[in-house]
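Protein chains: 2
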Amino acid sequence: MKIGLGQINPTVGDLAGNSARIIDLIDEARHEKADLVVFPELCLTGYPPEDLLLKPKFIADNQSALEQVARAARGLAVFLGFVHQDKGALYNAAAFIDDGVIKEIYHKMHLPNYGVFDEKRYFREGNKSSVVDCRGQKIGLGICEDIWAEKGPYEEEVGLGADVILNINASPYHLGKVREREALLKQRAEKYQAAFVYVNLVGGQDELVFDGGSMVCDPRGRLIAACDQFREELLFVDLERDRLENWRWLEAEEEIYRALLTGLRDYVLKNGFGQVLLGLSGGIDSALTLALAAEALGKERVHAVFMPSQYTAEQSYRDARAVAANLGVELAEIPIKEVFAGYLNVLQPNFMGRPADLTEENLQARIRGNYLMALSNKFGWLVLATGNKSEMSTGYCTLYGDMAGGFAVLKDVPKTLVYQLANWLNKKRPVIPEAIIKRAPTAELKPGQTDQDVLPPYEVLDPIMQAYVEENKSAAEIAALGFDAPTVARVVALIDRSEYKRRQAPPGPRLTPRAFGKDWRLPITNHYKE
Amino acid sequence: MKIGLGQINPTVGDLAGNSARIIDLIDEARHEKADLVVFPELCLTGYPPEDLLLKPKFIADNQSALEQVARAARGLAVFLGFVHQDKGALYNAAAFIDDGVIKEIYHKMHLPNYGVFDEKRYFREGNKSSVVDCRGQKIGLGICEDIWAEKGPYEEEVGLGADVILNINASPYHLGKVREREALLKQRAEKYQAAFVYVNLVGGQDELVFDGGSMVCDPRGRLIAACDQFREELLFVDLERDRLENWRWLEAEEEIYRALLTGLRDYVLKNGFGQVLLGLSGGIDSALTLALAAEALGKERVHAVFMPSQYTAEQSYRDARAVAANLGVELAEIPIKEVFAGYLNVLQPNFMGRPADLTEENLQARIRGNYLMALSNKFGWLVLATGNKSEMSTGYCTLYGDMAGGFAVLKDVPKTLVYQLANWLNKKRPVIPEAIIKRAPTAELKPGQTDQDVLPPYEVLDPIMQAYVEENKSAAEIAALGFDAPTVARVVALIDRSEYKRRQAPPGPRLTPRAFGKDWRLPITNHYKE
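The listed protein sequences derive, respectively, from chains A and S.
120 is the number that the working numbering gives to position 80 of the first sequence; each next residue is one higher, with no gaps.
275 is the number that the working numbering gives to position 235 of the second sequence; each next residue is one higher, with no gaps.
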């Protein structure tokens, strides 16, 4: 049996565009004489459609799009995800179409409602496993979470004689997830002695990134086909003949780098922006963001602005110029000194002689934010925020200042990982000057400032943050891992009290098992202290 | 039987404070010789605890707090909500304590997972109804949604002989909700011929407001006791003897006004702010916000700043001064002209001779945002944003400009309702000058500007917005209600494309069945066009 894995990049809400793309690939699959072509979970609507699902017209339009796909599926079988309305309830569903006719509709049985998932908000659970006959083969149907559940539909389907299992997904990326999927798929294939066909989405949708990595295991649990990560692909696999030797997924740094490129590119392009803009400070975060933007979009679509203050070191200017030159991006310069002085002058009577403090630091960051937003307004460029996860955790960032922007590329990248990615990138092509990497991180908002004036070293901060944010560990548990207890308490307190800032932060691509997005729902008003 | 209704205002995460408050009221109930005192759903943790529930230590601490409450409950019975961990699962639970001993733990059977609710993210559903014996009475237990479900636990409990039914709640406010609850309670009491005791929270928690309105129906479906809305109260009711004649809930305007006061006051105070600050423009939104702030917090805790530009009319200044004077709030003045000119001067080479457009308007709004944030930083005052729901819907507001702030008081108040509230308020006490109410709304960001240059009249916009946002109606359905189809299309397009702004907006109190908060989860990247 020849199966096409349709690893596509749909856009949420684009029913016409998504169905047109699916129909194109069906035509290609027919031309390649495939028996069956398989597309991801909810590929017709894009994933996650969120509250579009509450609009009755959207559901009806999705049904029409499905019928159009079905009519186009002459001469082969197609399996794809859509939203099914049945007796007043909605189902996360998939249609098995054969030669233009919808033969079976499967309803997802296991609805994830944790982490970034809210499927029980919209869907009712299915309660029926499905086996279809196709070209003399018995094929078992299922969707995403169904394969992770211990008591999924597949056991019953195999019992009914299914020897090919289809599992379609909208499985969001986090580092190493593809290897978890592969291990599970192999285990399931071996256990049930059936071929397992796993098809996933690819692309960015707001904060979510889908990495694809569609694959097929034979009944002995051996990988016999695999799609690349982060790339649209229509891959054909002959279940009886194909073999795959020594398949390797991407290494960690490249995987994360590609995830960042995907999330950034799709946010920019799917939202109709031609060009982007960022403030280049001479520090490592904006340097890495610039490198990512130039690679994701092409250097001609990227604008960088250097906005020096009276505290900006000559080295910052030199380093900013060097990284812009390395990437071939033109660097504009807008000084903030005059306007800063203007504000302070006007505010003098209101400040009533109080000493300079964080106010003056934040004000400088906000002037920069205003310049970026003014250029964004004037030219239609999307502003990229350049802050990292360590800052976003501890609130070491200015609301409406360096946090300003439409997309925060490094929002889920801890500072230590920023360095790791910069070093990895430099090995491929030396774009980020060593001076930037070696220099102590500084916001340059007052004389002689460094991040470590107020934060623990990032090598200490990051693992504490990760244990608290990504693993829900208590301060006592983190200290028991060997960290200094007062430092842990300080970091935890900073994270807790920065919730109000995160609530107003731009979205950014999710790379870890828990980002500051849909999978982080902490109250702002919160008196809990451990 | 004498029952105390403990309509309290807990704070999320404040396990020590909440349990201390509960114990105080238990002592008071004992002193009043009550047989039983009933507290709201999850009153120990506050509602909603959100992802605090994912912290194992938080669950353990909540269990300890419950045990402390139980020990204090000597000589009477207590029913209250807490989180129960049982065999690895979490339950939205309630404990029935009698004379210091936990006699029964009930698990909520119907978990809401729609609108603002995410209970299936955290909790497993209970599957057992509970009847306890207390002072010779059989009492049936249940929590919140259990009473709304057609097949709730109460039917079984009444079958087992329960003649008093307890229903504890964390039921968020929206306009008129208390009347819906009352009608349901009467219907249930009559149907089951049992006394129904309904206890609800009061207070603000981020975007949610709880209005209380706890009440008791006798077995003939007659209201025999009711607590005020929006006020902590420990109300005692004698089931056999008490009667209540001609009870009336608040009228619409007062109900909304009190909801706004509650949401604002609790956000400010529970987050530890002593004082607040807002920009007073001479328009109606900031005037109403100032009136609310002065009443919620006391005028001495409220700071107002007038920030004129070259486009500010003399009338604006006069009106701003008048409303500040009426409310007894001191009005500072910070002109934005100089800094605006400074920005334009610096930006001139970058703007390359392009004509003035929205950029210059947004820039003025952002300068004001910066001044407010600078004062906030310097003095620790919380900035209140003053925009309304009509603006938040259509994107007629500036990100980091007039949208800047910690709490957006009128975020869920459409412009027509702003006027309605101002007129209602003036009848009690004339604080908002008639000139403000009569004048055409304007952002004063360019000469001769009014809102209606780009928006339909608010009498047209608001009902279209409400049909689209609050009722999920399609553009065609709204036009069929009698609205001009191109106008509907324009409003819908404005709402759709402003999602990115709303994602970075501050929280504000929810007053309608659908606010731009937890109950509005639309993707930013979204190609759906009807």
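Any given hint might turn out to be false.
Which copy? The list can't say, so a pair holds if one copy fits it or any two copies do.
Claimed, not checked - Simulated crosslink set (BS3-like; lysine-lysine; CA at most 25 angstroms straight-line):
#1 Lys569 x Lys97
#2 Lys217 x Lys231
#3 Lys127 x Lys478
#4 Lys217 x Lys95
#5 Lys569 x Lys191
#6 Lys569 x Lys95
#7 Lys160 x Lys95
#8 Lys226 x Lys178
#9 Lys558 x Lys486
#10 Lys42 x Lys178
#11 Lys127 x Lys486
#12 Lys217 x Lys486
#13 Lys468 x Lys95
For the record, the hints were derived by calculation from the structure and aren't laboratory data.
query = Quick one: Lys226 to Lys178, C-alpha cut-off 25 angstroms, is that within a copy, between copies, both, or neither?
reply = within (20 angstroms within a copy, 56 angstroms between copies)
message = When Cα atoms must be at most 25 angstroms apart, do Lys42 and Lys178 count as within-copy, between-copy, both, or neither?
response = within (14 angstroms within a copy, 67 angstroms between copies)
query = Can you tell me if Lys569 and Lys191 fall within 25 angstroms by alpha carbon in one copy, between copies, both or neither?
reply = Classified as neither: same-chain Cα gap 39 angstroms, cross-chain 39 angstroms, threshold 25 angstroms.
ask   = For the identical chains here, do Lys217 and Lys486 meet the 25 angstroms Cα criterion within one copy, between copies, both, or neither?
value = Answer is neither: 42 angstroms inside a copy and 52 angstroms across each miss the 25 angstroms cutoff.
inquiry  = One pair to classify: Lys569 and Lys97, alpha carbons no more than 25 angstroms apart. Within, between, both, or neither?
reply    = For Lys569 and Lys97, only the inter-copy Cα distance (10 angstroms) is at most 25 angstroms; the intra-copy one is 46 angstroms.
ask   = Between copies, within a copy, both or neither: which fits Lys569 and Lys95 at Cα up to 25 angstroms?
value = For Lys569 and Lys95, the Cα distance is within 25 angstroms only across copies (12 angstroms; inside one copy 41 angstroms).
message = Regarding Lys468 and Lys95, is the shortest C-alpha distance of 25 angstroms or less found within a copy, between copies, in both, or in neither?
response = neither (48 angstroms within a copy, 41 angstroms between copies)
task = Tell me, please, which holds for Lys558 and Lys486 at an alpha-carbon limit of 25 angstroms: within, between, both or neither?
result = The answer is neither: 35 angstroms in one copy and 39 angstroms across copies each exceed 25 angstroms.
task = Please work out whether the CA atoms of Lys217 and Lys231 approach to 25 angstroms or closer within one copy, between two copies, in both situations, or in neither?
result = For Lys217 and Lys231, only the intra-copy Cα distance (21 angstroms) is at most 25 angstroms; the inter-copy one is 53 angstroms.
Identical-chain pair category, Lys160 with Lys95, by Cα at 25 angstroms = both (16 angstroms within a copy, 22 angstroms between copies)
message = One pair to classify: Lys217 and Lys95, alpha carbons no more than 25 angstroms apart. Within, between, both, or neither?
response = between (32 angstroms within a copy, 23 angstroms between copies)
inquiry  = Checking an output row: Lys127 and Lys478, CA cutoff 25 angstroms. Within, between, both or neither?
reply    = neither (63 angstroms within a copy, 51 angstroms between copies)
Violation of the numbered hints given earlier is confined to hints 3, 5, 9, 11, 12, 13; the remaining hints are satisfied by the structure.
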